[in-house]
Structure formats: C-alpha cells, structure tokens
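Student: We have chain A; now place chains B, C and D onto it with these hints.
Protein chains: 4
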Amino acid sequence: MRTCTLDTLATPEHHDTARAALAAHYPQVRRFSEQLCAPLEIEDYGLQTVVEASPPKWHLAHVSWFYETFLLRPFVPNYQVFHPRFEYLFNSYYEQTGSGFWPRHERGLLARPTVAEVYAYRQHIDAAMLRLIADCPAADWPTVALRLRIGLNHEQQHQELLITDIKRHFAHNPLRPAYRAELPTVPLTAPAPLRWHELAGGLIEVGATDEAFYYDNEVPRHRVFVAPFKLAERPITNGEFLAFIQDGGYQNTGLWLSDGWAIVKQQGWRAPLYWEARDGEWWQMTLAGMRPLNPAEPVCHVSYYEADAYATWAGKRLPTEFEWEYAALNQPLAGHFVEDDWLHPRPAPEGEGLKQLFGDVWEWTGSAYLPYPGYRAAPGALGEYNGKFMCNQLVLRGGSCATARDHIRPTYRNFFYPHERWQFMGFRLAEVAA
Amino acid sequence: MRTCTLDTLATPEHHDTARAALAAHYPQVRRFSEQLCAPLEIEDYGLQTVVEASPPKWHLAHVSWFYETFLLRPFVPNYQVFHPRFEYLFNSYYEQTGSGFWPRHERGLLARPTVAEVYAYRQHIDAAMLRLIADCPAADWPTVALRLRIGLNHEQQHQELLITDIKRHFAHNPLRPAYRAELPTVPLTAPAPLRWHELAGGLIEVGATDEAFYYDNEVPRHRVFVAPFKLAERPITNGEFLAFIQDGGYQNTGLWLSDGWAIVKQQGWRAPLYWEARDGEWWQMTLAGMRPLNPAEPVCHVSYYEADAYATWAGKRLPTEFEWEYAALNQPLAGHFVEDDWLHPRPAPEGEGLKQLFGDVWEWTGSAYLPYPGYRAAPGALGEYNGKFMCNQLVLRGGSCATARDHIRPTYRNFFYPHERWQFMGFRLAEVAA
Amino acid sequence: MRTCTLDTLATPEHHDTARAALAAHYPQVRRFSEQLCAPLEIEDYGLQTVVEASPPKWHLAHVSWFYETFLLRPFVPNYQVFHPRFEYLFNSYYEQTGSGFWPRHERGLLARPTVAEVYAYRQHIDAAMLRLIADCPAADWPTVALRLRIGLNHEQQHQELLITDIKRHFAHNPLRPAYRAELPTVPLTAPAPLRWHELAGGLIEVGATDEAFYYDNEVPRHRVFVAPFKLAERPITNGEFLAFIQDGGYQNTGLWLSDGWAIVKQQGWRAPLYWEARDGEWWQMTLAGMRPLNPAEPVCHVSYYEADAYATWAGKRLPTEFEWEYAALNQPLAGHFVEDDWLHPRPAPEGEGLKQLFGDVWEWTGSAYLPYPGYRAAPGALGEYNGKFMCNQLVLRGGSCATARDHIRPTYRNFFYPHERWQFMGFRLAEVAA
Amino acid sequence: MRTCTLDTLATPEHHDTARAALAAHYPQVRRFSEQLCAPLEIEDYGLQTVVEASPPKWHLAHVSWFYETFLLRPFVPNYQVFHPRFEYLFNSYYEQTGSGFWPRHERGLLARPTVAEVYAYRQHIDAAMLRLIADCPAADWPTVALRLRIGLNHEQQHQELLITDIKRHFAHNPLRPAYRAELPTVPLTAPAPLRWHELAGGLIEVGATDEAFYYDNEVPRHRVFVAPFKLAERPITNGEFLAFIQDGGYQNTGLWLSDGWAIVKQQGWRAPLYWEARDGEWWQMTLAGMRPLNPAEPVCHVSYYEADAYATWAGKRLPTEFEWEYAALNQPLAGHFVEDDWLHPRPAPEGEGLKQLFGDVWEWTGSAYLPYPGYRAAPGALGEYNGKFMCNQLVLRGGSCATARDHIRPTYRNFFYPHERWQFMGFRLAEVAA
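The listed protein sequences correspond, in order, to chains A, B, C and D.
Each residue of the first sequence is one higher than the one before, starting from 1 at the first, in the working numbering.
Each residue of the second sequence is one higher than the one before, starting from 1 at the first, in the working numbering.
Each residue of the third sequence is one higher than the one before, starting from 1 at the first, in the working numbering.
Each residue of the fourth sequence is one higher than the one before, starting from 1 at the first, in the working numbering.
For the record, the hints were derived by calculation from the structure and aren't laboratory data.
Virtual Cβ for every residue (Gly too), placed ideally from N, Cα, C.
Incorrect hints may appear among the rest.
Claimed, not checked - Counterexamples of contact, computed for chain A against chain D with all Cβ distances above 12 Å:
(1) Ile42
(2) Trp196
(3) Ile204
(4) Glu211
(5) Ala314
(6) Pro332
Unchecked claim - Looking from chain A toward chain D, a few residues come up when the C-beta cut is under 7 Å (computed):
(7) Glu43
(8) Asp44
(9) Val50
(10) Glu87
(11) His105
(12) Leu110
(13) Ala111
(14) Arg112
(15) Thr114
(16) His172
(17) Pro177
(18) Ala181
(19) Leu183
Okay, chain A solo, but in the shape it has when bound (with noise of 0.2 Å):
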C-alpha cells in the first residue's frame, strides 16, 4: 500500500506541462477573490461576529500570507516580505511556521492594516508569485507547482468561507443588510414527492486517483465493503425539514443525539441558521437579505445534529461517506455552484435519478472524518493542512452553491465540526436496500 502525503502526491509526470497553466490560473482565482469582496464597504471587511467566522480583509491577507510562506519565502532568493509582521498576523493555525500566530478569536480587532494595506500586500504578493512561476528553475518546479496547486485550492476554499462568512457578519446585524440584494430568486413552489434510489453496493475502492489534483486527505485509495442501500434522489428540502419542526422535532429529545440535545437546550434552537418567524411566517436571512422561505429549496444551515435527528423522526439515516462517494462516481456535476452565481440553493430539478449530489448543499455524511488508512501527514507546517483536523468532526461531501465547480470532486472530503451550520450545509437520507 502506498502511503501519500502532501509532499509526494503530485508527481512531475502529472505537472510537467502545468506552467503555463498555472501562470493563467493563478490570477483568475486571485481575482475572484477581491471580485467577491467589490461590493463590501470599507466597515465590512474588518467584521468577526462569531469566532469561526473571519474578517473579509484577513481571508484576502491569509490566502497571500500562504504563498508567501510556502513559496515565495522558501523559493525565492532573498525574497523581501511586505510587511516583517504579516507572518504573525496573518498566519491561521501553523504552529510549525515558528511565527506564532494572532488569536483567532480577535481576528476582527485588527483595523490595521488597512483595506488599502492588505490589497496593497495582495498586489506585492502577486508580482512575486508571477515571477516565480516564471523563473523558477526546473529543480525546483515540481514542488512549487504542487504547493501552487495548494495554494490555489487553499485560495478558493477561503472564497468559499468568504460568502459564508460575510453571510454571517450580516445576518448578526439587526438591519439585516443585503450583500447583493440584486442577486436572483425563484418563484415559491412545492416540492416534488422524495423518491429512492437503490445501488447494489459491494468491495469498492475509494479515495482518490492520481490522475488529477487531490488533497492528502483523500488517501490513500482503499478498499471498503459497501452493503446494499437506497440514497434518496434530492436532499431534504425546506418544506419537509418544516413538517419536522411543526411536529415538535426541536423539543422531542428522544430524537437527538446527546450532544446535540444539549446545544438545543443551550442555544434555544428552534430552527436552522437564519430562519426567522415574523407574523407566523417563515423567512430566512439570504445574501440578497431577508426572503420568504422557499419551501421546494434544499433545507440549509443546518448541523449535524439537526440533520441526524430529522433523519430518526424520519426512519431513516444518513448515508456514509463511502456509500455517497460510491453513488456519485459518475455522477455530473450538475449542481449550482459559485460560478452559476445563485449564491443560495436551489431546488432539485425534476425528473428522475440521483440529483444534486454535486453543488447547492453540502451534505452531511455519517461518518466521521479520520484518516484513511496507511494515512500520514506530510513533515512541517504544510502537513498541519488537513492531518490535525481528523478527530471530532464529520465529513460533508459535495461542494455547494457558494463552492467552485473546479475544486469539487466526488473523493473530496469536507468536514466540520457536528454543531456547526454556518457553511451551506444540507443533508440526504438513506436507508437499508429492502
């Protein structure tokens, strides 16, 4: 078995063309990001309501502060840093850097440096990655193509946390601001009845292939025993989480997981995230502002646990992530994702068969997030990616609206912590094959 790490997942024969590539690739993801933030005001991009959610401007710092650490402090011959505080500042959690790293609870106190300052970082940062790309010897290519590749990927999954982030800066604020109040919406409609999809399941592999990018969490590729099951057709949408919460689901603990049941008690939940009850009326808290729930939407903003115990009051069960991994081999990636520029799920298209694994909503999986097996983190502070996260979260598979299509995959595993509904996060039953 062939044991994979961050450093030695990307073989040059994969990459020896990439150069070009990766020099066009690289600003277009760099300029998603600040296109993202065009419409914030100068008081936006400082914003930490809730711990795990950053500030806007340090999303745009830390993305850079990456290449910066990774690639152009170790690649470039005396490379000149910006600013010699950065590393501290703008450093998220690598405790093997050496620089140590601001709390990322005061994330939001820092209002220097400026907006100006940090795009003016971006800029110096941009320069230098282009002429490394450029210049850089041979020798040194395959690793900093694969650590660009990181750095790119890194980029884009911050994106994402951008849109939700902001998402949850406004929601806190009790005017309810619209990020893009010009953004879309769908005619209200009812959803089309739950149908099941059954699949034979058997001794599969798993876990990704070399034949194209892939993060070290994803392997190594693995056998598993897949019993027999049925996977519904579209995940749970609004009007069927609603029946769950009309029914007393919030406040019939026999349903919930202990954890769980605690946090409602501890939080008063009543609903998922940005829900609101107004006149007896249910709206909830979008991008574009307050909308009126939508009943035939992918229900969103949901933990876990929410999704766990509507899966008990309904009888069912979420699948694994190696039966959802299995059921969407070959899938299309026919969701919405960011660049269909929704901003918010929409509802399962008609029609029958698997719909929706892909985009609109992360779907929490049962199965928690542990290395595969014959697992090991590559040495250093980039091994601190995705190794030291592998206890007491759960895997969401997917991607989803605020997700870009060419960072999804089906082997690509997602994970957060049971509590957490900030993410656009949604779920899909399954059950036992009759």
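Tutor: Then chains B, C and D, alone, in the frame of chain A:
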C-alpha cells in the same frame, strides 16, 4: 439485514432457563457493589471532584434506581417507591422518564439522603427485585429477564466507575489517601521488547451473535473489509511512554491532533493522569496510594490524543475497532480483571503471541463511536442507554483491571471522549502489513 | 490622632487580669462550635454548595489553624504540629503565612481528613492552647492575650458562618432537610405600622474606645458630621417587602442600581433568598426546614441591592453606618442572638422607640466599607484580617440571631459584597429630618 | 435640606439669557467630536477591543441619539426620526426608554450603519436641534435648555471617551499604530522631589452651588467634617512609580487589597496599562505611538488597586473626595486639558504649592461613589444618567488631558470601577497632619 434494539435483542429461546440463574446472579452483583465501598469512610461517599466522576453514594443509588424505573415500576402492581424524589435525584441522564434529573455536576452537593438511607434504599430494591424474579408472570418474563440482564450489566459498568471515580477523587486530595493500602504490587521490571503479530484480514463479519448477552450497540452484525495489518503483541508500557516524554513529546506540536494540542496547552499536560515527578523520579497515584512508576506496566490513564500522538511519534497508528475485534476473536480472556483484585494493570506476560487484549487496560482504537449499519435505538427511555452517545466519542475495546471478567467479550464496545483519561485507558499500536 | 493596628490595639493595662478569664472563656467558645455541629450527619460536614459558604468541617479545622498559626507556632517552643499539611489545607486566605492555601472553591472536595480526624485536631490544639495560656511567659502574655482574644472572636465569627453556611447547604438540597426540626416558631402575625424616630445629629465621635475589645477596623475613633435625620424604629418586615414584590418591585428597572439590576436579570431574582412560592403561598427555608412566611418578621436574606431598591420604592434611603452607630450608642443589646437559640429573626416587640438595632438581622447601611482615617493594617499575615477587604463591600451593623451577644457592640463593622444574601441580612430605613 | 434631581437642578433664572449662547455652543461641541475623529481611517471607526471601550462610530451616533431621545422626540411636534432602529442601536444603557438596547459588548459587530450614514445621522440631528433651539416655545425652554446643557456635557464626556477608547483600541493592535504621530513630546526629565501641603480642615460645605451647571450627583450641597491633613503638591510620577515596581510592588501581596491582588494574579499585571519593557527599557503606548517612559510625567493608566498599593507601600493614603474638593476650591484650572492638545499628561510645573489638581490626570480618591445625603434621581430614563451607578465605583476628581476645560469644576465627580485603567487615571497622596 436484521435491525436490532434493546427491546428485541434477547429472544425467549435464549433465556427460558434463566430465572433461577438470574435469581442467583442478582445478589452476587449487588453484593459486589457494596463490597467495593467497604473500604470507604462515610465522608468519601459524597465526593465529586470532577463532573465526569460521580460520588460513590450516587452510584449505589443510581444502579438501584435503574431496576426501580425499568422493572419495579412497570412490572410490579402497586409498587411502593422508597422515596418519591429519588426518581429525580438518581436518574442519570434519561430524558424520557419524565422525572427530570438532578444536575450531573451537582451530584456531590447532596449530603442527604445519607449513606445509611441509600443502603436502606438498596435493601428495599433488592427485596422487591427478588420477589419480582420469583413471581413475575410468564408473559412478562422475557422482557423482565432482558431488562434484568441489562440492569446487572449496567451495575457492573458502575462498579468499574466506582473504582475509577474513587481513584479520581482520592488523587485530587493533596494528602493522596490510599483506598486500599494493602493492594499487592509487583517488582519494578523492564518491559520485554515490542513484537508484532501479522494478520491477514479480508471481508469479515463483526458484531455480536445471538449466543450470549450483548448491548444494542454491538449489532447489527455486518460485514467489513479489513486489509492485512500488523498488531503489536502487547500494549505500550510506561517505559516506552517515558521515552516519548523524554523526547519532548508533549512539547512537539507536530505530533498532535489540533484539538489535542489545544488541551495540552490549556491544561498543561506533561504526562499521563496520575503521574507525578518527585525529586526527579516518576511516581503514580494508585488505589493503594502513591507508588513508583513501573516501566513494565501498560501505560494507563492516557487520552486518545496522547495515544494518537505517541503513535505518530512512533511512526505507527492505532488499530481500528474492527482490526481489534478480528484479532481478539479467538483469544482467551487472559488479562487481569476486577475479580483478580489487583486494581492496577500488570506487566504483560512473557512469551510470544498477542497478549492482554482483554483486561488490564482498555485500548483506544482509531474508530469513532458510530452506529452499526441498520442500528436503531429502542423507543422510550431505555433506548437512551447507548444510542444517543454515538457522536464525538471513540471506541475502546477489551476491558480493564476494573472490569468484571464476565462483562466483557470481543464485540464489546466501550466509548469515551478523546480527552478523557480517568478510566484505565491504554493503547496498542498497529501498522500496515509489509 | 492615634493610628491603630491589630498588634497595638490592646494594651496590657486592659488585660492584666485576663489570664484566668481567658482560660475559662477559651473552652466555652471552643465547645460551642462543636455543639453547633452536633445535629449534623457525617455527610453534612463536607458540603460546599456555593463558593462563599464553607463546609462545617473546614470551619472546625480553620479556627483551630488560626490558634496554631498565630499562637502555637510562634509562642510554644518546639511545638509539634498535628499534621504538616494542615497549614496548607486550613489556611483561608492569608497570603503572608508562606504556606499557600487550598483553593477556596474546592473546600468541599476534601473527604480527608475525616470528621473524626478534625475533632482530634481540635483536641490537639485545645490541649496545647490551655498549656500556653497557663505557662506563657509574662513577657509574651500581652501579645498572646491579644491574639487569643482575636482568635476567640474569630471563632465566634465562624460560628455564625457555620449556621449560615449550613442553612445555605441544606437549602440547596431538593429534600430541604431540617438542621433542627424542633426549633421553636412564633404564630403568624401582622406587623405593627412603621414609626419613625428623629435624631438631632451634629459633630460626633465614632469608632471604638479602649474600654473593651474591638477589631482594628473600628478605629481610629474620629469625628464625623451627622445631619439631623429620622430612623425607622424597626427593620422592614416580610409583609412590607411582600408589598414591594406585589407592586412589581423586581420588574421595575427604575428602582435598581445598575449592578443590582444586572444580577436580578442574570439570576432571575424574584424574592429574597430562601423564599419559595408554593401553590400561591410564600414559604421560606429555615434551619427548621420549610415554614410559612411570617409577615411580622424582619425581612431577611436580602442583598444590598434589594434593600436599596426597596428604599427607593418607599421614597426613603438606608442609614449611613455613622447614623446607625449614633442611634445605637445607648441602646441595649435587646434583640435575639445565637444564645437565645431561635436561629431565625423574630418580630419586633411592641411599644415605642428604636427596636432590634442589635440582633435578629444584620442591617445593611448605605456606607461603603472603607478604612477609618489614619487606619493602618498590622504588618504580617494577621494584618490581612480586616484591612485587605476594604473595597467593594458595604457595612452592616448590629449582629443577627446567629451572632454571639458578647461578640457585638455599637461600633462593630461587618461587611459583605452588595450581592450577597446568605447571611441573616435585613435593613432599616432612614430619611432626612423634616 | 433641598433635594435635587436632574429635572430641577437648573432653574429658569440662571438660564433666561442662554438661548443665544446655547445656539452658539451647540455647533462648537458637535464639531469637536468630528474633529477628534478626523485622523481615523474608516476601519478604525468600528473597533471595540474591550467591552468598556466603544467604537468611535458608536460614540458619534450615541451622543446624537441622546438629543433625539430627550429633546427631539419629546419637544418637536411630528419629529421624523432618521432611522427607526437607531433608538435601539445607539441607546447605551437607558432601561426606561422602552426601546431596549443593542448589547454593549457587541457594539463592534455593527459594520452597518456605515460611517457615512452616521455622519448623515449627525447632520439630521443638528438641523433639527438648531431649529428646536430657535423655535422652541418659551414654556418649554427651561426644560429644553437644561436637557440641552446636559446633552452637551454628555457629548463632552463622550469626547473624552473617544480619545481614551481610541488609545485603548490602537494599543491592542500589535502594530501599535499612532493616532496622531505629530503630537508634541517633552524632553525626558527627572521629577522634582515631592513636597507636602498642609490643610486645616474643619466642618466644611461640599457639593455644587447654583452658580453654574452641575450634574445631579454633585448635590445636595452638605456639610462634612474634614480633619487636618497634608496633601501632596503634585501627583505621583512615572519615576516614583517605577521605584515601587523595582521594589517588587507587584509581587508583594501585603501591599494589596484582596480584590486587587486577585486581579494582579489573574491578569498578570506587572506595570501600569500601556507600559512595555523592551530590551530593559520602559516604553509606553501613547496617542502618538510608542514613546520612551518619561519619569517626570504623572503616572497614568493605573487602577485604584495600584494607586492604593502604592500608597500603602509609601506609608501614605489617598485623599477622600472631600479633602480633595476642599483643597481644590480656590485653585485655578491650571493643568492641561483637551484644548491644549497634548493628549498626554505633562510633568508638573516647578515652584511651590498645590499643582495639577485640574487636568493632566484624573485623581483616584479613597471615596466610594455614593449619593450625597438627600440625593434622589430624577424619574424616568434621564434619571439613570448618574444615580444607578452609585455602587461599587470610586470617585475620581479633577479632569485629565482628555477633558474639556469648560467641563470641569471643583465639585465634579467622576467614577470608575477600581480595576479600570484605560482612562487617564493617576493619583495624589495624602496623609494625616502632624
């Protein structure tokens, strides 16, 4: 596939001869709880030094409440409760009994009922239980017998907790009192070098069969694929763990899971729980008081985080719960259990082959505590026994020096949060087969 | 102006005949502490239900530690301590003894030493103390005598705390056990209307004179100006306080100090501590268990915030500590003290004139607990007795039904934080003279 | 004795000529608030680094809310509010307005309204206020005039808070940005030795007279007795405080009040706020950025606990607020105020006599902030201005380098909690006369 719940797991066929056996077994189990408390002073019975470790008095009462709630109230006509408030005071966490429960973190604040009153409560329960076992109508017997077996296993679990909680409370006292100063000790020895045992794996079946009693979390029995692997012949010892400490293990962030590193820093962990450095020598608190650390004993009272960090440092990993179960299937229950009355893990015996899979120390596995496919909790309060905890915890296997030998089996799944250390918890390494 | 410290306040002249008297007084005081604990079960001795209320066992040991630390260790050659760790375990808060102290909030976590061991400790101290009183060289006697008198007054203070802490602990138990069920009760009566007593004031002297024992916080005696004022003849009663409650006093933010309102909301205060509404009737927890509220009794177990809010509601104010002292100067100690063995405040007697200034309930004054001009704490640990608390607390005057009559005097200053309620605390109104 | 409330303290006689003066004064005060914010970046306006220091944007809006709430809404017929939610967002703590208020600790989480919108709000208020001043009916004028004067003094208080809060926020940033780098500095000098000024005391009158504006907490004027005392001619300096530090002041528990010692240990205090040791030299954060510590300047940003510990160390004490007022009665307002635009305390001038009683640093007194005898808060929300804070705080006197000179007077009472340090707080010693 057969779904399985607490109410259906025991069928009459397995138990038709059980009435006499249970009538004999019941007083044995009950007597042992009281025997464990015999060395205590009255003052010790009420102690709760940390929220997760309950007072001995509470354990004695709670196990009695279990019989009262699930057997005497439902199956004894006109049953007279001992005290109307005890259903509230001695319920642990069952939300669906309707009584509510006294807050867990305040169990140590109840001087009343007194110890004498709790023993009187036990006598009241015992008299009623023996009558029920003798007189219960045949139609009720299957359910009564099943619940009684659960109740007895439940009391055995609390006997183990009595021991570990008393150790925890006594260790908190700066006088470090001995629970039983006369407990035997073994000469200090050096451990034999670690050897490895290779296993072939394959598509195997895991989970309980109907041949003996099991908890609902051990079923449905189902197939999993296990790749070839190597398993250490014995758990890691104090001496080996000391080498990790001396190599700076607790200071090396690169070895730790992120959540584990946070707790190492926050709590100032520098060694396993109960280890103390005095004048350059390591001592450990035991149920016999402070004793010099024996390098040959299995390391004990370590969290999952410490077990995982050690494995990373050693270039190995923890086994999955299925690897462990597969390896343990035909092994004898050869380790030390509570009946051996050492109340402390002993060094592994000499010789070749897998050793100490059972007894001495619970072994952390690398598996999250999740439901087996098709698992469904029983309806009602009894269904809360295991199911609602299937999130955020890890599986441990094999039992410890504080477990009853007749309580354990290869399919038995214990579970704790990854930061917990006060049980007799150790670990064994695994690695990919060559 | 004379400065005054604990070490100089008692001059030999006042005490040259005191050796025999103190030798007789010492065992009386010591015996009373144990007498107060006689109704306790062993289980009750270790209780600490809130941080500010210590376990009875701790009180019994701590007062003994005081003699050991300030008398036996310094004045008995070759004194043998009872246990080397007790100086650490039973020091309360004296930073300058060098021993450190066991954390205050964990006093309830020490099952050992046992109750029997603590009584043995007391006997050890008593034997040594009686020898010291008998044999102490004349040159040491003045200091020994002063410290002994402080030690006895200190034990009297802890006797009051024993009573109030036992009440607090028992009230926390949902069984509401009685400390002494046989304590007498008075028939429910209506209070007589409140009458006012007018006082002329002027430039007066306040603080202790050298005629009797006093604490260092009662001196230097000094002049203050008191304007003419009126003082209520008796404390506010339960019946009067009930009218405040029924008028929405606990809901009317305009009546409350800001810090008080914050705690009302945070703690959900709706009535004095120990009041409980059952089926529309008010009951209160007493040392004899639950009893119906007597409207004629002084209201008790109210915080400064509640006393102040009531006064605002009534259009009055609390007296200053100097107004109180001026009014109390020539009043008899006519209220109920611990020697009267009611352990509960009684209704004011009939008739004209100031009543109940002493005994029954401590009376909150509107004065902050600050040093008198020229006050200086004694050097060393004994100087921590009173001085270091002269911030953030309010002065209470007059003693309560749990205070020893020979412990109290007009100049006596008690002090608590404004939110504290577990002492026998009530209040009396004042207003500007017409 | 005359009782006094906010609604009665200003009688028409004092103010019948004030309409033109107030019409002129209003824009001056308003303009200065905006002038103080001119050096800020947009990013700085929203900062709240600690709960007690509000964002500049919030200050700008809140002072406008004050006019809107207490003047425009009640006195302008058909007044149109700028935004219906601002009464909720920018109320500070007035419980009786009925609007509720946004949580104080979340003031920094409101990116919207933007800075531009808040300035527009100010313009809206200003236009309405100037119309009200011009057109208000004569019958309303006395009340309007009084409330307007309160409103202007209120804005002056928030101007001081703007300065101190900006300093607090900038000091939290690891880049230590300067608010105004061009602020002047004085050469480092050694302070002149401390001299003492003797005062006779006696039965004096304290509190405000009706000759000028005052807050309700400065009355009723009343008699107090002040014994002869000596007062230091100037505040304690950085150099003197450094000697306390070097003598182990922060490590010597015997010098500290109990609550102070607790915070010293918990917070790790080792010096005044804003002091930093760099390479063995002491620096301090100022509004001009980091500067070397000037030993001749008054020590600043110390808590009451530190002031009291220093006094104990020095064998002196803090003056009472009445001693201070008595000493200050005929002194000129000769120190440095905000109009002098140093924004930092300056060394005391040379020469004999009392110096710097006014300006430079607020001086902690040893007096608790309590109501004067006969004080009664005004009914309604405006009565919450001062009265509800008369508990748990200490009085400071004299104003600082961030106070407006025309805001201060000998009877002015400022008040803060004893642990607070972020104002320009220093202290002056007193002692008993020989």
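Student: Indicate, hint by hint, whether the structure satisfies it.
Tutor: Evaluation of the provided hints:
The Cβ of Ile42/A does not lie farther than 12 Å from every Cβ of chain D; its closest approach is about 4 Å, which violates its non-interface assignment. Distance check on Trp196/A: its Cβ is at least 44 Å (rounded) from any Cβ of chain D, clearing the 12 Å threshold; non-interface status holds. For Ile204/A, the condition that its CB be more than 12 Å from all CB atoms of chain D holds, with the nearest at approximately 47 Å. The beta carbon of Glu211/A is kept farther than 12 Å from every beta carbon of chain D, the shortest such distance being approximately 44 Å.
Every C-beta of chain D lies more than 12 Å from that of Ala314/A, the closest at about 37 Å, which supports listing it as non-interface. For Pro332/A, the requirement that its beta carbon stay farther than 12 Å from each beta carbon of chain D is met, with the minimum near 39 Å. For the restraint placing Glu43/A at the interface with chain D, the shortest Cβ-Cβ distance is roughly 4 Å, inside the 7 Å limit, so the hint holds. Restraint check, Asp44/A versus chain D: the minimum CB separation of about 5 Å is within 7 Å; hint holds.
With its C-beta approaching chain D no nearer than about 9 Å, Val50/A sits outside the 7 Å limit, and its interface hint is violated. With 7 Å as the threshold, the beta carbon of Glu87/A stays out of range of chain D, its nearest partner Cβ sitting at about 12 Å, so the hint is violated. The restraint placing His105/A at the interface with chain D is violated, with a minimum CB-CB distance near 12 Å, outside the 7 Å limit. Checking Leu110/A against chain D: minimum C-beta separation of about 6 Å stays under 7 Å; hint holds.
Because the closest C-beta pair between Ala111/A and chain D is about 4 Å apart, less than 7 Å, the hint holds. Interface hint at Arg112/A: satisfied, since its Cβ lies 5 Å from the closest Cβ of chain D, which is below the 7 Å cut-off. With 7 Å as the threshold, the beta carbon of Thr114/A comes within range of chain D, its nearest partner Cβ sitting at about 5 Å, so the hint holds. The interface hint given for His172/A holds, since its Cβ lies 6 Å from the closest Cβ of chain D, which is under the 7 Å cut-off.
For Pro177/A, the shortest C-beta to C-beta distance to chain D is roughly 5 Å, which falls under 7 Å, so the interface hint holds. For Ala181/A, the suggested interface contact is broken, since its CB lies about 13 Å from the closest CB of chain D, more than 7 Å. Because the smallest distance between the Cβ of Leu183/A and any Cβ of chain D comes to about 18 Å, over 7 Å, the interface hint for this residue is violated.
When each numbered hint is compared with the structure, violations occur for hints 1, 9, 10, 11, 18, 19.
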